[in-house]
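S.K.: Residue strings, one per chain:
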Amino acid sequence: MNAIEVHKLTKRFGDFTAVNEVSFTVAEGEIFGLLGPNGAGKTTLIRMLTTLTPPTSGAARVGGHDIVHDADGVRHAIGVIPQALTSDPELTARENVLIHAKLYGVEKSRRASLTTELLAAVDLESFSNQLVRTFSGGMRRRLEIARGLVHSPRILFLDEPTTGLDPVSRTNVWEMIDRLQKRSGLTILLTTHYMDEADKLCERIAIVDHGKLVALDTPARLKDSIPGADVVEAEFANLPSGTPAWREWLEQLRQLPQAAQVSEQDGSVHITSHSGPETVAALMDRARARGISVKRVTVQGTTLDDVFLHYTGRQLRDALQAGPRLDVTHLYK
Amino acid sequence: MDIGINLERIGAILERDMRKFFRSPALMVSSMVFPLMQLIVLGYAFGGKIKNIHVALVDEDRGAESRTLRENLKSIEAGPKTFYVSDYSSVPDAVTDLRAGFVRAVIHIPHDYSRRVLQHDRPRIAFIEDNTDNFVTSQLYERVQQLAASLNAPLIAGRLPAAIDMQVVEVYPYIEYIKYLLSGSIAMSIFIVAMIGGGIVFIDDKARGLHEGYLVTPIRKAELVLGLNLAGALKGVMAGLTITLIGGLIAGIDRLWEPLRLFYLLLVLSAASLAMISFMFLVMVRVTDPLVPRAIFGVLNTLLFFPSGAIYPSEGFPVWLKWISVVDPFTYAVHALKNLLLKNTGFEGIYFDVFVLLGFSVLLMSACIALFQRQI
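Residue numbers (our numbering), protein chains in the order written: chain A, 1 to 333; chain B, 1 to 376.
It is worth saying that the hints were derived from the structure and are not from the lab. The reader is advised that the hints may include incorrect statements.
For the chain B half of the interface with chain A, some residues (derived, Cβ under 10 Å), not all of them [unchecked claim]:
hint : residue
1    : 19
2    : 70
3    : 118
4    : 149
5    : 209
6    : 215
7    : 288
8    : 290
9    : 292
10   : 294
11   : 321
Built from N, CA and C at the ideal position, the CB exists for glycine as well.
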């Protein structure tokens, strides 16, 4: 059974279409990601699904409840962690969770123990009586996740859960989301503009741009769907660029297995390949055979950035994060 | 009966707001300091009788009757001290000083004054006044009229009085201005709580996205509005009661601690707080810019406080201002508080105001619920 079903959901603000006929489903227990740059329509989409914003057209069911006709049913079924930090800074962590427990009608006898459990689950047990205004961004985000789980929802919506957090806090939040999902089988829909976040957490990713859903699949399949996306970069010690030998060597590189395109840039060679490792192995063999000394060689695998570039024709505008470049020179020496 | 209202959710919003209030001393202090400061400064500044006004005396007569007049003037200088006189040699000199502000009035005794008095030939004294200051002028004029009346009184009173004498009976002891102002200061403290708690903090929370955290829960907008209004009213009652007790002690209100009087005061404070916080929420219900409540603070204060009769009786207002006072919750709060604090009336002196304030609250809160946006 699907936890979330979205059919041609559209939201217009005057002449501007923020979300344009988006359709997808999310299975129960799945972590589903909406990936796109700021302004792509992710937050509007999540606000419609969480009943905060009425759709202009289309339909959606969340936890089996229609988002327009049974908004109250949706609100009882979901936990929401909005993009802005919405916990009250003048209240303690415990008070924040307890007040939400009352708003969700959690039984009085269960509230105290449940609050303690949730704060422990997000590693805030020892800070439970501290005012939230003393918390770091990461602690507040974790508290809000605890708060969003206070009524044991089946579905959790996280709108850019790690935006503005430092790398350590981001990793903590990722681990926590992963742990919670594995423990309780929650269905999680999260939005992000971080490639690595979507790659690490999500089982399936929908790429959203200009309000439209442009691709939807698992991260691995999305990467595989792009031809020639591995990039091999190499520098050579005893081969000056511009010489006839250099030009002859470039011709040889164009014959490398799986190589799609070869170009020269500042004395180094860039090879776009359908299989980076295969191309590198052949490159090292041929260099050795010709007595060319390889000074440096790196392989950059396909990233979701490449996927985004492939499907939208441009890179993520404000969250450009190239995948890590792996120096593999030593492996071939 | 399911009326669609969950009291526990209203209680949760109330609890949240009260906890925030007690952790924000700035709101508590600002809601009390300003009204108290206003009470003390305005109460003492406006409350005193005007004394020691400088008056120029030009005596061109120097006769027996002018001496009597001068003695009467000196007796005022020594007694009530309303004014003191300085001798001037000529009217032009005195008028020059009047225009320059060195003296506030000139009394001119013409050269034939004594002769005319003795001949019963319409004796006259000129009273030249600086009428740019109504308060000073009216005090001086009243005193000079008394002086003229005493000069005109017959030396031997008739056995049967010829003139009609009006006996004035004052129902209450003399009311100092600070006591008169106290009701306005109490209403002001409630207004400040409503303005800061219901206006500034509400919009700031909205702008910071805190409301979004509540809107994703199953809370209904009526519950949210009622919870926020009740919390605001409770804060208003606390601020109002504090100012009533401290201000009452400062102003010297007698028998303030009578239990029944305190109960009625609490009733008025509750109704006034509910009406004012509802009014403020209605004004702010669609506002999202945090600058708006700060920008209109002064406007609302002026528009609500001054037409209420807190510092000047509304009977003296022009028609348009009277209409503002009719729809101004301050008016009814101030009226009821004056009845309780200055006259110590019972329920008969407040029931109409309480009824109007509660009616206001129901009307305004209904409008708030209708206009409140549950969705973003």
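S.K.: Each hint should be assessed against the structure and marked as holding or not.
M.R.: So, going through the hints one by one against the coordinates:
no.: 1; hint: 19; verdict: holds (6 Å)
no.: 2; hint: 70; verdict: violated (71 Å)
no.: 3; hint: 118; verdict: violated (84 Å)
no.: 4; hint: 149; verdict: violated (67 Å)
no.: 5; hint: 209; verdict: holds (3 Å)
no.: 6; hint: 215; verdict: holds (6 Å)
no.: 7; hint: 288; verdict: violated (13 Å)
no.: 8; hint: 290; verdict: violated (14 Å)
no.: 9; hint: 292; verdict: violated (20 Å)
no.: 10; hint: 294; verdict: violated (20 Å)
no.: 11; hint: 321; verdict: violated (40 Å)
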